[in-house]
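Visitor: Produce the entire structure from the sequences given, and follow the hints as far as they go.
These protein sequence lines map, in sequence, to chains A and B. Heads up: the first sequence runs through residues 33 to 231, numbered per the working numbering. Heads up: the second sequence runs through residues 606 to 1080, numbered per the working numbering.
It should be emphasised that the hints constitute simulated quantities derived from the structure, not laboratory data. Note that beta-carbon positions come from the ideal geometry of N, C-alpha and C, so glycine has one too.
Below are the DSS-like pairs computed for lysine-lysine, each with C-alpha atoms no more than 30 Å apart in a straight line: (1) Lys666(B) - Lys696(B); (2) Lys174(A) - Lys67(A); (3) Lys225(A) - Lys996(B); (4) Lys779(B) - Lys174(A); (5) Lys666(B) - Lys117(A); (6) Lys696(B) - Lys225(A).
Listed below are several chain B residues computed to face chain A (Cβ distance under 8 Å; list not exhaustive): (7) Tyr642; (8) Thr670; (9) Gln734; (10) Gly813; (11) Gly842; (12) Arg1045.
Simulated restraints on C-beta separations: (13) Phe925(B) - Arg181(A): 26 to 36 Å; (14) Thr38(A) - Asp871(B): 53 to 63 Å; (15) Thr633(B) - Glu34(A): 22 to 32 Å.
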Amino acid sequence: MEQVTTHTGTAAPLRRSNVDTDQIVPAVYLKRVTKTGFEDTLFAEWRDDPDFVLNQDAYRGASILIAGTEFGTGSSREHAVWALKDFGFKAVIAPRYGDIFRGNSLKNGLLTVELPYEAVEWLWDAVEADPGLSVTVDLAGKEVRAGDRSWAFEFDDFARWRLMEGLDDVALTLRDEDRIAAFESEREAWRPKTLPIPA
Amino acid sequence: MSRTPHAVEGAHPRTLAEKVWDAHVVRTGGEQPDLLYIDLHLLHEVTSPQAFDGLRQAGRKVRRTDLTIATEDHNTPTDNLFTIADPTSLKQIETLRGNCEEFGVRIHSLGDAEQGVVHVVGPQLGLTQPGMTVVCGDSHTSTHGAFGSIAFGIGTSEVEHVLATQTLQQDRPKTMAVTVNGSLPAGVSAKDLILKIISITGTGGGKGHIVEYRGRAIEELSMEGRMTVCNMSIEWGAKAGMIAPDEKTAAYVKGRDHAPQGEDWDAAVEYWNGLRTDEGAEFDREIVIDAAELSPFVTWGTNPGQGVELSGAVPDPERFEDPAERTAAESALEYMDLEPGTPMREVGVDVVFLGSCTNGRIEDLRTAAEVIKGRKVADGIDMMVVPGSAKVREQAMAEGLDKVFVDAGADWRFAGCSMCLGMNPDQLTPGQRAASTSNRNFEGRQGKGGRTHLVSPAVAAATAVTGRLAGPADL
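Guide: Structure, rendered in structure tokens:
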């Protein structure tokens, strides 16, 4: 996976809370069997609306999304993360996320950071006043910077290290394959198995 | 880390969640998250193709095909079993079939006696048992927590990880108790209870916690009811929801295809008997609810936390103190085309959907059939009844429930996710309003522009008869 350290870019203000993954990518677009090409499906139900933030020229090319709280709740679809990435987003800033979405984002190098509602509101106002405002999400320094302001954010140390090194989870886990095998040798014999199929 | 579920003398008392977690830890400590062993991995067509691709690209195999099972549900038609008209849907189904064949994974395809919604299939085969870890690339995996297991939804990257390693890297969640004291009044169901809980907590209230539902009202629920409650744990953001196993749990598992037999059964029951929160164990948070105060509950908005008693009215957004909640309520009412103050019972619907992993089990169909028996679906209302699995369908037909629904004027379908999510042919059209026994009332969830009110099976059936949101008592 690509290494993720610091990203600087312009930002789009999504002034909504509870943007669930059905809004990020409606189910009808989940039929594809690939991991790419989801850019047109992002926020598909809102993309016909000329007032929708991502349809405004001022925010064309924005690579940071600033959203309201409970962003990415609901369905486990990783397509939501793929669509944000395919559209060109490198980072999301919101007060809080749905757990599964957050986990998915970090496995795909989409930097999702949590800032308090007040900071998000400041950023919304600031990028609406100046869409060209440069915003930095600094994973190494665990800090968001914009204008003359900065906010520290919390980030799990292990997840941060993994992102900064661009490590593959499966390869990391397979370093412990002997422990997995040892665990399996001690599993209770009565635990159910799907195979063989009972006659 | 103790692998026994029983209280260990002199050791720190543990919650049910901690016991099941401890019993599955392959590696802990250091800076990494715990490495957790997965007992059962359920697959379906939507979230697995890219995971199998990942295995292929890395030259990896499925580590434990004997702990893995697939079915087809999200994308499938329910009006017939074999004609998938949409070529992209067909391709996704065919991709799953091809992947299962290539990697040696058991699959129950359309037309198979065991096909159905993945969270209905696991329990009915007896593959879901107490004290397990169960995952699936689907957020409603929390359903399986009803058996006293830790069960949660994962993304496609994690599906690949489980396929390759049979484990997941997971941070140890916090624990929460939801204690429901007293008994549910007659006519109040598990669905009403969980909708009420979500309206209290909001969609993010359970974040980072494994929730244990307990108390008399929970003990009194059937296994189907417990599955309904645990199913919607994700709707208030919980990592998982679980209920301590008891005699009902064992009775449900016993005799099913994959239930332990003979000495294995005795060993399993001995183990299951330890699966309860130790006396003195502490939860990080606790919510207490009085069951006696509950009544049928429905949603008015566009997330499952935006709900109110059926006897209540559409709320006024101005009355929400929190600015984010107020804005959310305003946009929800606009999308739902509802006016503040409108009594919920005056809200007319176009479609009634009975089904899904939340309420598509035999007990749900029986409840709705009892309400609608001898009555008619109101003019202009489409009622669709979709059993959760082929087995549920077969049993319902053996009991004559299909005839009850058809005689009332409802549409009796084949098993699948159907109108719970708009990715198969069963969808709302723009502006249509549904009373739905499913789990999500998100904008467009049941079809672009569709409006959803989440309800219990009894309310769904009564609503079909009156054409407006109603309970059996209104008939």
